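Participant: Starting from the given sequences, assemble the full structure and let the hints guide the process.
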Amino acid sequence: MGPVSSPLLYSLRNNWTARRIMQLLNSHGPTIRKFMHDFFLKRFIGVLSVAILAFGLSACDQADLDEAQPTNSISLQQTIESKAGFEGLVTSMYDRLQSFGLYGQQYMLVPDALADNVKLRPGATSNRYPGFVSNGRFEHLGGYGAYFSTINEANNIIEDIGSLSLDRDPSVAQDIRDRIRGEALFLRGMAYFDLARVYGYTPGQEVGGFSLGVPLRTEPTRSPGAADEKPRAPNTAVFSRAAADIRSSGYLLEGNSNAKSPPQRATAAAAFGLLSRVELYRQNWEKADSAATAALGLTSAEVVDATSTSFQDAWEASSYPGSVFELSMTTGTDGDATNSNQALQSLTDGGRSDGTGAFAYEVLPSDDVKSIFTSDDARTDLFAPDSLGNTYLEKYTGTIGNFTDRIPLLRVAELYLNRAEARYHQGEPDEARSDLNYIRVRRGLSPLTGITGQSLLDSILEERRREFLFEGKRFFTLKRYGMDIPKPQRTDTVLEYSGDRESFKILAPIPTGEVQSNTAIEQNPGY
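Take the sequence shown: its letter number 262 is residue 263 in my numbering, and every next letter is one higher.
Check each hint, because a few of them may be wrong.
[What the hints assert, rightly or not] In silico DSBU-like pairs for lysine-lysine, Cα to Cα no more than 30 Å straight-line:
no., residue 1, residue 2
1, 371, 488
2, 84, 261
3, 261, 288
[Claimed, not checked] Label pairs and their computed distance ranges (CB to CB):
no., residue 1, residue 2, range
4, 284, 375, 30 to 38 Å
5, 491, 521, 31 to 39 Å
6, 220, 456, 45 to 53 Å
7, 390, 259, 20 to 28 Å
8, 402, 258, 30 to 38 Å
9, 368, 256, 46 to 54 Å
10, 309, 227, 54 to 62 Å
11, 482, 375, 21 to 29 Å
12, 377, 164, 43 to 51 Å
13, 256, 306, 25 to 33 Å
The hints are simulated quantities; they were obtained by calculation from the structure and are not laboratory data.
Bear in mind the structure is a predicted one, so any value in this text is a computation, not a measurement.
We treat Cβ as the ideally placed atom computed from N, Cα and C, and that holds for glycine.
Facilitator: Listed below in structure tokens is the structure:
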């Protein structure tokens with residue numbers, strides 16, 4: 002664990018208004034850092050303690066902090082002595098996903114900005130996304146500490162839910178225990194998956210032999226002093242841990258009479274669907290295929306048929322019809338992810354502004370990504386012009402409240418495209434084409450016939466780019482194939498995957514506080 006004031010310093014580092022301050026702190030030696038440490042410690046430690054006591058099991062609004070966040074200041078032993086306590090920990094993990102530094106905003110938009118899907122609106126001066134679009138130093142996804150908080154909460158649940166006495170809480174039947182354990186495994190697996198793909202290379206695409214992931218912690222830590230220093234595990238081990246957790250989650254949730262209703266909570270369909278994604282990263286094509294097939298057999302969600310239903314209406318529904326797993330956001334209670342500065346709507350929706358304000362929609366689809374859509378593609382219904390000649394995307398329009406949207410993290414369309422990609426790599430072009438065309442036809446496009454080889458794979462990846470625009474996938478698609486990152490928005494029009502002076506930016510930096518406080522941690526190259 003880092004010093005007491007670390008969470009405050011790292012909140013500065015990830016806040017869009019203060020990222021430059023942290024760069025100065027990192028570059029001007031220990032004198033400034035010591036002053037800031039003492040300043041924050043003296044002035045804020047009392048406030049921080051009161052806040053932790055007041056909020057109890059509530060997840061921190063700033064869940065993108067790079068420093069691990071305390072769940073509460075109550076004895077953890079008290080928390081895990083009742084069903085309500087375990088449910089509170091599960092809720093805390095879901096809530097953390099909703100922060101703007103995770104899936105409430107940045108994990109949905111930053112991967113597109115780091116790649117070639119985003120350009121900035123001329124005249125926007127809020128400085129929220131220029132660093133991501135230009136792939137600036139330290140401009141990347143975060144969430145290191147937030148996810149390790151999630152992992153520790155999950156570890157406590159997984160270790161102790163089996164010992165919850167029925168005498169102490171008679172309402173706890175085995176199916177309830179299995180459901181709580183299953184949700185904890187799902188969220189721990191998701192946390193390790195995101196950490197692995199943000200801070201490390203995809204297995205098989207390592208550069209210069211660098212193959213570190215993140216530390217693996219599967220035992221609960223009950224106090225700061227009990228946290229031992231762990232080195233970074235190999236990337237293959239972290240991806241393997243994620244896959245094992247998510248697979249086990251699916252088995253526990255499948256057929257469980259106590260399983261929560263989709264899509265706002267983890268279900269067996271969500272688990273096997275997420276597993277298909279993880280197995281693509283691991284290049285386990287057969288497992289990705291079977292997991293996607295299992296998820297399709299378990300979910301009642303369907304691919305929206307835009308030939309008979311307005312694609313725009315589907316996105317404006319209170320819950321996207323094709324969602325297998327989505328975030329349930331609530332206006333006024335989900336922190337920065339639902340305010341006028343950091344919400345997805347704030348960054349992307351031009352329908353609420355004349356396009357002249359500094360904080361008006363800043364993130365636009367790039368000219369390059371718009372060029373791959375044809376006029377008969379129903380997804381172009383989501384492109385809208387403003388009065389200044391810009392084109393914005395209407396996926397996030399405040400459909401359930403001001404600056405508040407349902408945010409789909411896993412859609413049925415992905416299951417078909419995951420399976421198409423897996424089947425291509427298994428030498429099954431007809432089956433791969435069938436899954437690809439299933440999506441194309443429902444988007445108003447003609448089916449592809451006779452296409453094989455690299456052209457087929459290129460078509461699958463291009464369809465993925467069209468389907469999931471502004472849903473956080475483009476950068477990772479290029480990364481897992483070891484492809485150079487096209488950057489038409491910059492003077493240097495490509496970020497080379499390896500060998501280039503900037504190629505280290507493919508990986509996010511391990512937080513400075515973690516490197517300084519854990520002598521077993523090795524920083525990523527270039528930082």
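Participant: Indicate whether the distance between the beta carbons of residue 368 and residue 256 respects the range 46 to 54 Å.
Facilitator: With a Cβ separation near 49 Å, residue 368 and residue 256 satisfy 46 to 54 Å, so the hint holds.
Participant: Given a hinted range of 25 to 33 Å, is it respected by the beta-carbon distance of residue 256 and residue 306?
Facilitator: Once the Cβ atoms are compared, 29 Å apart, the range 25 to 33 Å for residue 306 and residue 256 holds.
Participant: Do residue 402 and residue 258 keep their Cβ atoms within the hinted range of 30 to 38 Å?
Facilitator: 33 Å, holds
Participant: Do the beta carbons of residue 377 and residue 164 sit within 43 to 51 Å of each other?
Facilitator: Given range 43 to 51 Å: violated, Cβ gap about 59 Å.
Participant: Could you grab the alpha-carbon distance between residue 261 and residue 288 and see if it respects the 30 Å cut-off?
Facilitator: The hint holds at about 26 Å.
Participant: Just to be sure I understand the hint, the distance between the Cβ atoms of residue 482 and residue 375 should be within 21 to 29 Å; is that true here?
Facilitator: Roughly 24 Å apart at Cβ, these two residues keep to the hinted range, so it holds.
Participant: If you check the beta carbons of residue 284 and residue 375, does the distance land in 30 to 38 Å?
Facilitator: The hint (30 to 38 Å, Cβ to Cβ) holds, given that residue 284 and residue 375 are roughly 31 Å apart.
Participant: Is residue 371 close enough to residue 488, meaning Cα to Cα at most 30 Å?
Facilitator: Distance of about 15 Å is within 30 Å: holds.
Participant: Return holds or violated for the Cβ distance of residue 390 and residue 259 against the range 20 to 28 Å.
Facilitator: Taking Cβ atoms as reference, residue 390 and residue 259 lie about 54 Å apart, which means the hint is violated.
Participant: Is residue 84 close enough to residue 261, meaning Cα to Cα at most 30 Å?
Facilitator: Roughly 15 Å between the alpha carbons, so the hint for residue 84 and residue 261 holds.
Participant: For the hint 45 to 53 Å, verify it against the beta carbon of residue 220 and that of residue 456.
Facilitator: 49 Å, holds
Participant: Falls inside 31 to 39 Å, the C-beta gap from residue 491 to residue 521?
Facilitator: With Cβ atoms ~36 Å apart, the hint holds.
Going through the hint list in order, the structure does not satisfy hints 7, 12.
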